[in-house]
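Going down the list, the sequences are from chains D and U. Sequential numbering from 1 applies to the first sequence in the working numbering. Sequential numbering from 1 applies to the second sequence in the working numbering.
Bear in mind the hints are in silico, worked out from the structure with no lab data behind them. Each residue gets a CB set at the ideal place from its N, CA and C atoms; glycine is no exception. Hints may contain errors.
What the simulated footprint calls covered on chain U by chain D, stretch by stretch (three residues with Cβ under 8 angstroms from a Cβ of chain D suffice, anywhere in the stretch; the number is not a length) [as the list claims (entries may be wrong)]: (1) 56 to 62; (2) 165 to 177; (3) 246 to 255; (4) 261 to 267; (5) 273 to 279.
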Amino acid sequence: MTLLEVSGLEVHFDTPEGVVKAVNGIDFAVQEGETLAIVGESGAGKSQLVMAIMGLLAENGGASGKAEFRGRDLMQMTPKELNSVRGRNIAMIFQDPMTSLNPYLTIEKQMTEVVMHHQGLRREEARGHAVEMLRAVRIPDPEERIRQYPHEYSGGMRQRVMIAMGLLCQPDLLIADEPSTALDVTIQSQITQLVGELREKTNMSIILITHDLAAVAEICDRVIVMYAGVAVECGSAEDIFYRPQHPYTRGLLASVPRLDRVLDDDLHAIPGNPPNLLELPSGCRFRDRCSEVMDKCVKKPPVWVSDGGRMSRCFLPMEGGKVAPEPGSQKEPSNHLDEANPASPADGEGAV
Amino acid sequence: MTKPVLRVQDLAVRFKSFSGGLLQRKERWIRAVDGISFELHSGETLGIVGESGSGKSTLARAILGLLKPSRGRVMWLGEDLTTLDEEAMRQRRKELQIVFQDPVASLNPRMTAGDIIAEPLWTFYPNMARLQVEERTRGMMKMVGLLPNQINRYPHEFSGGQCQRIGIARSLVLNPRLVICDEPVSALDVSIQAQIINLLKDLQKKLGIALIFIAHDLSVVRHISDRVMVMYMGQAMEVSQKTDLYLRPLHPYTNALMKSVAIPDPKLARQARQDSWLTGDMPSPYMRPKGCIFHDRCPYRVKRCEADVPALRRMESGDWVACHRAEDLDLSIQGASTGSLG
Numbered sequence: 001m002t003l004l005e006v007s008g009l010e011v012h013f014d015t016p017e018g019v020v021k022a023v024n025g026i027d028f029a030v031q032e033g034e035t036l037a038i039v040g041e042s043g044a045g046k047s048q049l050v051m052a053i054m055g056l057l058a059e060n061g062g063a064s065g066k067a068e069f070r071g072r073d074l075m076q077m078t079p080k081e082l083n084s085v086r087g088r089n090i091a092m093i094f095q096d097p098m099t100s101l102n103p104y105l106t107i108e109k110q111m112t113e114v115v116m117h118h119q120g121l122r123r124e125e126a127r128g129h130a131v132e133m134l135r136a137v138r139i140p141d142p143e144e145r146i147r148q149y150p151h152e153y154s155g156g157m158r159q160r161v162m163i164a165m166g167l168l169c170q171p172d173l174l175i176a177d178e179p180s181t182a183l184d185v186t187i188q189s190q191i192t193q194l195v196g197e198l199r200e201k202t203n204m205s206i207i208l209i210t211h212d213l214a215a216v217a218e219i220c221d222r223v224i225v226m227y228a229g230v231a232v233e234c235g236s237a238e239d240i241f242y243r244p245q246h247p248y249t250r251g252l253l254a255s256v257p258r259l260d261r262v263l264d265d266d267l268h269a270i271p272g273n274p275p276n277l278l279e280l281p282s283g284c285r286f287r288d289r290c291s292e293v294m295d296k297c298v299k300k301p302p303v304w305v306s307d308g309g310r311m312s313r314c315f316l317p318m319e320g321g322k323v324a325p326e327p328g329s330q331k332e333p334s335n336h337l338d339e340a341n342p343a344s345p346a347d348g349e350g351a352v
Numbered sequence: 001m002t003k004p005v006l007r008v009q010d011l012a013v014r015f016k017s018f019s020g021g022l023l024q025r026k027e028r029w030i031r032a033v034d035g036i037s038f039e040l041h042s043g044e045t046l047g048i049v050g051e052s053g054s055g056k057s058t059l060a061r062a063i064l065g066l067l068k069p070s071r072g073r074v075m076w077l078g079e080d081l082t083t084l085d086e087e088a089m090r091q092r093r094k095e096l097q098i099v100f101q102d103p104v105a106s107l108n109p110r111m112t113a114g115d116i117i118a119e120p121l122w123t124f125y126p127n128m129a130r131l132q133v134e135e136r137t138r139g140m141m142k143m144v145g146l147l148p149n150q151i152n153r154y155p156h157e158f159s160g161g162q163c164q165r166i167g168i169a170r171s172l173v174l175n176p177r178l179v180i181c182d183e184p185v186s187a188l189d190v191s192i193q194a195q196i197i198n199l200l201k202d203l204q205k206k207l208g209i210a211l212i213f214i215a216h217d218l219s220v221v222r223h224i225s226d227r228v229m230v231m232y233m234g235q236a237m238e239v240s241q242k243t244d245l246y247l248r249p250l251h252p253y254t255n256a257l258m259k260s261v262a263i264p265d266p267k268l269a270r271q272a273r274q275d276s277w278l279t280g281d282m283p284s285p286y287m288r289p290k291g292c293i294f295h296d297r298c299p300y301r302v303k304r305c306e307a308d309v310p311a312l313r314r315m316e317s318g319d320w321v322a323c324h325r326a327e328d329l330d331l332s333i334q335g336a337s338t339g340s341l342g
């Protein structure tokens, strides 16, 4: 069943240099129990996309479109309604575990506050529940450690605490924004493993945001790849990792230094830099860096081509042989997403 | 073989910290770098890898004289840098340069790219003609893949990867003979990381400089290093030729680091997960385990590891390891040479 359905979502920011469109019309759905990865480089719009859904955009930001959570549009909710959804139904984990905990409060205070507020538990019950959660994320001696302050925890432990806090109210959806990026590789793999286990134990849906495809290979069911504010490819984990279609996805995969491969002389790199969102190139946003750029890529932006839940925003033919329509045959592309397929990407897909 | 340009001998750095309240203050010492020795030749790259808190950045700073070591020597071209006075050390810095981790924060936001790159020239050659400085600056920009016409732009007009190129150009402008790169790609996107690693590799080949490349991830240093040193709690666990280390790590900790590298392949990643064994965090620096400092996280530990400190010793292959069991453990990584895992 569909838990969250996002359609036509746009996010923009008013800046002194002009209006920046951070997210330029995106559609996706998250099924119950599914883990969706949203992958992209800095500036791709992946974090702002979820910030918009959670109603947490900065003051100069605005969003339009729909984000229906169990049929209710989060974008139309009053702050009070949103507050009751956030934390209880949807929990979010931020990138930096150092700065997302309050240094003045003990872990106990910060954790019990959440459940006392949302579930009306008494302090003692809340404490027991919090200790349980800390145990679930494998904090040693949770009864002791819950009395400590954040600075007494290491980086990896703090991120575990953040995950435990996210899980306190048993949310239906957990959004994790680069949960392991600020951590050491050894701790990164422990956190990934933990998220993977939680996903198996609970029926929670997870949205994982990351710039590192390799980090999510193990635990995601489906992947959306974003570039410069638009989705460029979407498919099951197997599709994206074994049969990537879009040159950007292929480039990202090839840039990962791998220890399980023979050493080549040079690492594959995607040339150039992501475009400035205020000075986007005409046509395809990736064309300046694309190894397979064609004449038509300069003239018109490619549209979403779908092939049974699998989509790519590129003129190159999909592996199944389906070719993108010629630019001339399409309606004039507006700033809005050119909808080749208005159905949600997840239709007919489900969890793998 | 030629003589090494840099010879670090038993280098140690410790930091003082205080515990307890104002009245019962107790001094405690943290051993951030604890007896590191290695040699480096011109044109060679040493990768240094370890988790945060392993002392790799402290080591870099001690080599460059930015921190005072508590013990040991840093022999640069036969001269002990730790005994030099400030002015003499300042002069040596022409030859010893560093590239920092955070490409944006390490550049002055109020200086143009050109000024940032040229600043070392002004400092060391105040009489150099303006035209000559500008010519050199433009040449450096071209060399690191920036457009010379971006010379008057400010750091905020560049992306993270481009800022790191500016940092590299600045470090190379004085023709140094040793460059230490302290996690130069950790803050960059994956696709840009590869650009910077390739750039550093090319530049080193072209200029013949000695390079120390610090990272927390073994996969990142593999492409650029000739030898790799793995650090843990201020000590070297292993120093091996690259070809040996990635096929058959000698130290269990090296093996653990290799297994925590993510693989962009769902099936292999799930399989690799089952093999990984490293749990928990590095112990607090105040409570260093007795015996081998890694023994409490090591699945291969024997009684001896809890009591005896293993010395860093040379194996037949010429690689160095600090593990009592190095001879009888086979930690070979399957598939590293054949192309697939398992």
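Hints, verified against the model:
{"no.": "1", "hint": "56 to 62", "in the structure": "violated (count 0)"}
{"no.": "2", "hint": "165 to 177", "in the structure": "violated (count 0)"}
{"no.": "3", "hint": "246 to 255", "in the structure": "violated (count 1)"}
{"no.": "4", "hint": "261 to 267", "in the structure": "holds (count 6)"}
{"no.": "5", "hint": "273 to 279", "in the structure": "holds (count 4)"}
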